[in-house]
Amino acid sequence: MGHPHTAATPDDKRDQTGLLTRFVPNRLKHSFLYRWFLRLVRVLQLGSAAASLAIFSSRVYKVYRLVNSIKTRRGINNATGAVEGILAAAVLYTILATLMSLSLKGGGARWLRWLWVLLDLAFVGAFIAVAVLTRPNGGHAGPRHCYGSRDVTGENNITGDIASGDDTCDLPWGTFALAIASTILHAITAAFHEVRHHYRNNKYGHVNEGPMGQSQGYTTGERNGYTNGGTTGYTNGGTTGYTNGGTTGYTNGTHGTAV
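Residue 7 in the working numbering sits at position 9 of the sequence shown; the count goes up by one each step and never skips.
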């Protein structure tokens, strides 16, 4: 009948990664929409982290100049430094994760995909911490920690820096909102991953790359790739033209020899 080919088999749920991927319906998780939704989430993670870092860095720069214009010991408080560090790490991670998701089919090796799960969970916790530190009601790096004109008036005799007003006081609002969004986005990519297609040899079939192995006219049913067959077991063949073979062999096929 020809050389063996490779046919798709149903996905092994043990090979699926992501905390909730196995609960997604097969039709959905093999779809184009599902794959590109997850990739879009990665891109949004990168955009959110980069925007948060840019906004908060503007605030940090301003606070650094304000605070160090009225004291001789330079530096920023621990909460501000923690938020800046988390956001910088998030940008680096999301750049790497986005590139991997776009370049590696199925997300890469199984151990790598579980590593993404752990890192995403870690950043869920990290962005919750950012939201707490920048929250409007009492966050140590939040928008209520402003410097009034009476706090920053004058010139530092040692550094020569001249203090000015605090016009970046509301920027942590943006960091707070984006931290909540990033928490949700990282939770999504920790819970849901792309699935990989599995293949096996099929003596009579062709390579079936659809989610249920139907791209070449066969469906995944019996051991040899036939489903609901009659005596010969062929059903609605695609490329070879087999249709409901009976005891006499092939009908409407490309071969004229009867069995």
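These are calculated hints, taken from the structure and not from any lab test. Bear in mind that the values here come from a model prediction, so they are computed numbers and not experimental data. No residue lacks a Cβ here, since even glycine has one placed at the ideal position from N, Cα and C. One thing to keep in mind: the hints can contain errors.
[Claimed, not checked] Per label pair, the in silico range of CB-to-CB distance: (1) SER29 with ARG142: 29 to 37 Å; (2) GLY123 with ARG20: 18 to 26 Å; (3) ILE178 with LEU110: 22 to 30 Å; (4) TYR59 with ARG20: 41 to 49 Å; (5) SER29 with LEU97: 21 to 29 Å; (6) ARG63 with ASN24: 55 to 63 Å; (7) ARG63 with PRO23: 52 to 60 Å; (8) ASN75 with GLY123: 15 to 23 Å.
Hints broken by the structure, by number, lowest first? 1
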